[in-house]
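*Asks:* Given chain A, put chains B, C, D, E and F in place with the hints provided.
Number of protein chains: 6
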Amino acid sequence: MFFNDPKLQFPVRVEKPDPRFARALQQAIGGVEGEIRVCMQYLFQGWSARGPKKYRDMLLTTGTEEIGHIEMLATAVALNLENAPLSLQEEMAADPVAGSVMNGMAMKHILSSGLGAMPVDSDGVPFDMSHVYASGNTAADMLANVMAESTGRALAVRLHNMTDDPGMKEMLQFLIARDTMHQNQWLAAIEDMGGLASAMPIPNSHPRSEENQEFNYVFLGFDKDGAEPVQGRWSSGTSMDGKGEFTSRPMQPLGEVPDLGPARPKSGAQSEQESLAGRLKEKLL
Amino acid sequence: MFFNDPKLQFPVRVEKPDPRFARALQQAIGGVEGEIRVCMQYLFQGWSARGPKKYRDMLLTTGTEEIGHIEMLATAVALNLENAPLSLQEEMAADPVAGSVMNGMAMKHILSSGLGAMPVDSDGVPFDMSHVYASGNTAADMLANVMAESTGRALAVRLHNMTDDPGMKEMLQFLIARDTMHQNQWLAAIEDMGGLASAMPIPNSHPRSEENQEFNYVFLGFDKDGAEPVQGRWSSGTSMDGKGEFTSRPMQPLGEVPDLGPARPKSGAQSEQESLAGRLKEKLL
Amino acid sequence: MFFNDPKLQFPVRVEKPDPRFARALQQAIGGVEGEIRVCMQYLFQGWSARGPKKYRDMLLTTGTEEIGHIEMLATAVALNLENAPLSLQEEMAADPVAGSVMNGMAMKHILSSGLGAMPVDSDGVPFDMSHVYASGNTAADMLANVMAESTGRALAVRLHNMTDDPGMKEMLQFLIARDTMHQNQWLAAIEDMGGLASAMPIPNSHPRSEENQEFNYVFLGFDKDGAEPVQGRWSSGTSMDGKGEFTSRPMQPLGEVPDLGPARPKSGAQSEQESLAGRLKEKLL
Amino acid sequence: MFFNDPKLQFPVRVEKPDPRFARALQQAIGGVEGEIRVCMQYLFQGWSARGPKKYRDMLLTTGTEEIGHIEMLATAVALNLENAPLSLQEEMAADPVAGSVMNGMAMKHILSSGLGAMPVDSDGVPFDMSHVYASGNTAADMLANVMAESTGRALAVRLHNMTDDPGMKEMLQFLIARDTMHQNQWLAAIEDMGGLASAMPIPNSHPRSEENQEFNYVFLGFDKDGAEPVQGRWSSGTSMDGKGEFTSRPMQPLGEVPDLGPARPKSGAQSEQESLAGRLKEKLL
Amino acid sequence: MFFNDPKLQFPVRVEKPDPRFARALQQAIGGVEGEIRVCMQYLFQGWSARGPKKYRDMLLTTGTEEIGHIEMLATAVALNLENAPLSLQEEMAADPVAGSVMNGMAMKHILSSGLGAMPVDSDGVPFDMSHVYASGNTAADMLANVMAESTGRALAVRLHNMTDDPGMKEMLQFLIARDTMHQNQWLAAIEDMGGLASAMPIPNSHPRSEENQEFNYVFLGFDKDGAEPVQGRWSSGTSMDGKGEFTSRPMQPLGEVPDLGPARPKSGAQSEQESLAGRLKEKLL
Amino acid sequence: MFFNDPKLQFPVRVEKPDPRFARALQQAIGGVEGEIRVCMQYLFQGWSARGPKKYRDMLLTTGTEEIGHIEMLATAVALNLENAPLSLQEEMAADPVAGSVMNGMAMKHILSSGLGAMPVDSDGVPFDMSHVYASGNTAADMLANVMAESTGRALAVRLHNMTDDPGMKEMLQFLIARDTMHQNQWLAAIEDMGGLASAMPIPNSHPRSEENQEFNYVFLGFDKDGAEPVQGRWSSGTSMDGKGEFTSRPMQPLGEVPDLGPARPKSGAQSEQESLAGRLKEKLL
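Protein chains in written order, with my numbering: chain A, 1 to 285; chain B, 1 to 285; chain C, 1 to 285; chain D, 1 to 285; chain E, 1 to 285; chain F, 1 to 285.
Where hints are given, some of them may not hold.
[Said to hold, decoys possible] Below, simulated DSS-like cross-link-like pairs (lysine-lysine); rule was C-alpha separation at most 30 Å, straight line: (1) C/169 / A/53; (2) E/169 / D/16; (3) D/54 / D/243; (4) F/169 / F/16; (5) C/53 / B/266; (6) F/243 / F/54; (7) F/7 / F/243; (8) B/243 / A/169; (9) E/54 / D/53; (10) C/53 / D/243.
[As the list claims (entries may be wrong)] Example chain E residues on the side facing chain A (calculated, C-beta under 10 Å, incomplete): (11) 153; (12) 154; (13) 157; (14) 158; (15) 161; (16) 224; (17) 253; (18) 254; (19) 262; (20) 266; (21) 267; (22) 269.
To be clear, the hints were calculated from the coordinates, so they are not data collected in a lab.
C-beta: ideal position from N, C-alpha, C; glycine also.
With the rest of the complex left out, here is chain A (with noise of 0.2 Å):
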């Protein structure tokens, strides 16, 4: 169960509302990196979380942070869209560089939200929640973790080189701190399990020796030429799980030129398609 607090966790001050940079926060608000994402996915981790509780505790109390995280780029956004232009004519008619602004800026913030911040990235495309990865695998949803915050705190390192606004700097390297905390607060929760190579290879729960030995530590390459591919820390030494030994090779089909034979009738192909002898069964049925 959830409370609210009306107050923002951190101060959001604009100086200069630039409608072109509301535009740019909404990647940080709907895109595929940004806050509704993590908060979503942490929230659905935690509910479905099986096994040890204190990664379901750990889980929820960081979603809950993101909740107020997209409240504050929601509020950020709605502050850079004060004196938006609402008219093509007032826009045209101002100076040329500021005459871009409404080319610029989200033409959806004027018709659609009536200058609010939305749940959508930067050109307008909504969020897809197909984006909240909850695997019910505890390893696995980590390190979609760590990953999801890497790209948060690239996005809001690039947001922050995007603007000179000190209010939105001051907020963008409060979330771009949060970020260093959660990629690191995942990692750590992997090592609270036991570590990163004792859960690899993810699931761990199936028998190693199950899987097909022969390429489960090899580098494969498929150079047209059949050179071997290039070489690197996953070409040779131990495997970073300590499991296996790395080698490579280049690789050959094993397989056979696949048949899948003649059309059946009634399933819609063309007649050419179809057996002489399928079609005359057919009619005899």
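*Replies:* Just chains B, C, D, E and F, lined up with the frame of chain A:
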């Protein structure tokens, strides 16, 4: 540039075709954990790779392998659809157990693809390319790849547990082995770049001194009653990136209650949302 | 800013787990009539609210309640998935009635979420945030909310009628009661602003005298043979906003047949679509 | 069955073609507030209408009108695209103000449609038919229609405010007038069925005595500190459906902390998530 | 402008309602092969048609017919849902064969539409308007229409083969006949414009001499071992547009290995991706 | 199975990087007319091909070529993003003409991909795999391919007309040439199977005598006033498949007004929609 060999990378055999398993296999083709996702993800990451060229090479190499995995799974789907029911009648007339096949299979396998594979998941939802994560940041991309192979291997294990067809089990144990390698491989690439701690916080090019120093290593609690948040590896000790010290504490709002003020005239709000002053001003212009 | 209590808003009990009901409950989580929709809709409306602050408060308050409803339903899904079949074999071996469970359940509950809830509807279609209606117009938003609670309550009633599990029925009667309140609540908010008639036509800030006065209160007929359209409360008497008088009549075209003229050269059309003059002019430039 | 007259329902004139306004008009075609949505919504509601036939008639009548509105807007888009720039060069060579046209217009109007309308919104996002609400419950459907016409009229007003082209303003004042009528019309249909209070809570066919009687008319607070929720018409007095009395109070959790227990073997979780007993049992089977 | 007759274009009778066939019919409404697609495609093509007006007339005429086809199918869905099970219990109690109905039917027909049709496919995936192809090029559009009617007729044939209800079979044979006509009709339109060879390569307005003359009529092979590609009508003889001579040969790369160089500072990449020079330069600015 | 050569199929040079052209090129990668679509379409058609094996070979061959086309375009996007503005300030400070670059470029190229290509269209809408048409019917598939290459070539021509960069023009003239070949190639495949007339009506395996013989070659009119429909090659003469004779006539409804009857109790409708008899019956059960 790419080339083709009509033979498969690994043998695909189906002893007892099961149209319901054909449906399940679709998740490994067009699901968010599936092969189209990793294939396109590695290729797009490679095509956009800036920096050391060996990572580009490795990405394109494994992306090329994954095209062949889609091919193997598409073949497996088609083979499992041999003898699938084409009418509700032939199915209803069957014995009750077998009679449930059409209910459990993918109806679009009959209606749309004519008994072949489709780029959709096990519920017939088409794959959406926004799941191809290519951030331009090599470390974030490699983490996205480890994570993709983790959910991918979990899916392959679940599929393996769902069937008892020997051919399908053999194919899946091959794919499981490749996922083991690929989890290790992408992590090895991070090691190759200097290791995970060195890479973090991602992006490591943002000056760490500029991010908010009060909140970058603290696990914040959001308990309704202000309780200390759940403790673990994430709440004390050195942070995973080795650059900070974990602490924890309950969070309180640092910002104010936002006040967006009245709606602007001509913005499509209700009159009651607009200020009197605003309306007067608008009329004078 | 938001806070969490690990306890649920209302008890969630499942006496007889049914994986097919888990699938049905997904509609109340990730369907367009579901709780993610109302939760996000109220929060985004609140975060973007301009005008009297009490509506913002009310929106955030009830938006916060709805997070807890998603949590209840996610818990109910997980509990209904206890003992779900994991393989086609264990299921096929069962008696015919029970044997149909896997056919009717959501396959992604096995393959993707590991027996937990997902932000998708009962067919596995992910929730799309474009269903979060927040228009910046308070009256339109409140109507959107009454409507959302109407389809939401219809869905809860249908789910209630679909099961005979006492725990599930009790939970659903609680959710049905909350939907009763919320339907009343959003309508009360419109009353609080002055009432529906006063709010209409939405937006009421557009000068009514400027809209086309011939067509703003007439019910138009489009019968092929020019018959008078079906009569009712909408064809005579005072209009619902009290600002007009309903009439009705068959409609005839008032515009002309559009003629877009020939295609422009270099616009990618066929030569046959371009005018001779246009092609000549283009060649001379 | 449907019929066509090649003439438009109302004149569509564009005096000063503006490709950027063509983009804005797309919102009224393929946006969630647009005409495809209401057209398909009324038609599908009509085709599925059970109960008194006059509502079906009314729905199909107005659904038919809306096809003609899409046609008017599609024509307006095409006319606004006359003389749109086809190359970046011709545009960059122009004066700075006019030079921004290509930046602000919809690039797919050049690349995909060849200077014609598309079933997409002002950001080029295709219309998604899940926005067609047809619930099988007449009252819920009528409310959905009032709401659709509310956001539709808000959009038309915003478009009207964005342009100063006399032809476009005239067309939009016609569409605004029709939205006025349609808001009134769908509300009149509810009146015709007995009125909104009688219809509520929707669906009114669910026995009211069965829903949870403690929570069906209480406005619940979720303030972090347990404060009384914001007061208004919704917290005291007779409820809007006339069937209850509004009260209010802070909410406390009534449920427990959920415990989903350990993960099942063979469900794709990590070993650490599985119980020892569970694993032993699985091995014995 | 459009008009309506409340009667159907062709009789729709269902003798033995089957909720599972209702689900299958959804593919013909909201599937990519369905009637919403062709309806909207012909209308949008017509509304955007530039060039000879008769094609616009023909497109709007047949687009109008297709609205009535959606109506017929929506009626067929509703009639097939008579007596559909509303609860898991009533269904589980039934005999095994009939008992599988709820597993095979569309759950949203109960939960979302109240036993009516929806604009979704047979898996409940909503129709996405990006499938409405209207390119502004008449020949491309007509080909898109022939193709749409081909997949449409294949779908209708598959539906026909799936049922033995006489009323449904009669309706489908009517729709199959209309698809026969429409395939012929759109091809006849191309003939009317001068024929397919004359129209090709589409768009025929691009100066043929400017396209790369070495690669416009050669079938290229991409065999891993450099083998000659598979021969057929496409590898020798006059090309189908009569403007070239088919040849074939294995392809070799003509381009170089791309090198995108180091990442730019402040672009959110890892430090390791940036060049030293680049970082120095950025600091000096 | 697939192989890779790190070199490109054809040289990709950009003389004057233009971030706005990078955005336009995205349409050729992730638009519905783009290369991901044809690549995946040919591969999936090949993987599911039943019948003569040479068509499978041809499909996989050209599908393999198309992977290399995505690669070329992705490289072109990255090269056009060299020197793209990273902040609103650096751009606003520029002269007005150049200053509009950020407004016209794809903001996700900065925020999401770090100056690389994405699998999205020119508006940032991700490619949706439902556009991969693979019907299991060879003739329908080949037509889908001709059509895809038609819109693809129209797009390439439009891109060519949009730029004056010599490198980009050379690359596009190569792609235009390949589209010329591919249009011819797929049509040649139909010829190879016996020709278009023989293939029609698709699917030609459905017994023609069973389809409705009154409506399979008649062009129907839907003029409101019953006028004869527009005449052309489609209204008289031998049909394109050579199997019928075109006629034309105005259509009248042959069906009745549908009556779905009252709503069933417990189906979530309003009481007013239910019949008295129905409600009584339900209570007695």
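*Asks:* Next, verify each hint and record whether it holds.
*Replies:* Status of the hints after comparison with the structure:
| no. | hint | in the structure |
| --- | --- | --- |
| 1 | C/169 / A/53 | holds, 28 Å |
| 2 | E/169 / D/16 | violated, 54 Å |
| 3 | D/54 / D/243 | holds, 28 Å |
| 4 | F/169 / F/16 | holds, 12 Å |
| 5 | C/53 / B/266 | holds, 20 Å |
| 6 | F/243 / F/54 | holds, 28 Å |
| 7 | F/7 / F/243 | violated, 51 Å |
| 8 | B/243 / A/169 | holds, 23 Å |
| 9 | E/54 / D/53 | violated, 38 Å |
| 10 | C/53 / D/243 | holds, 28 Å |
| 11 | 153 | holds, 9 Å |
| 12 | 154 | holds, 4 Å |
| 13 | 157 | holds, 5 Å |
| 14 | 158 | holds, 5 Å |
| 15 | 161 | holds, 5 Å |
| 16 | 224 | holds, 6 Å |
| 17 | 253 | holds, 9 Å |
| 18 | 254 | violated, 14 Å |
| 19 | 262 | violated, 17 Å |
| 20 | 266 | holds, 5 Å |
| 21 | 267 | holds, 7 Å |
| 22 | 269 | holds, 8 Å |
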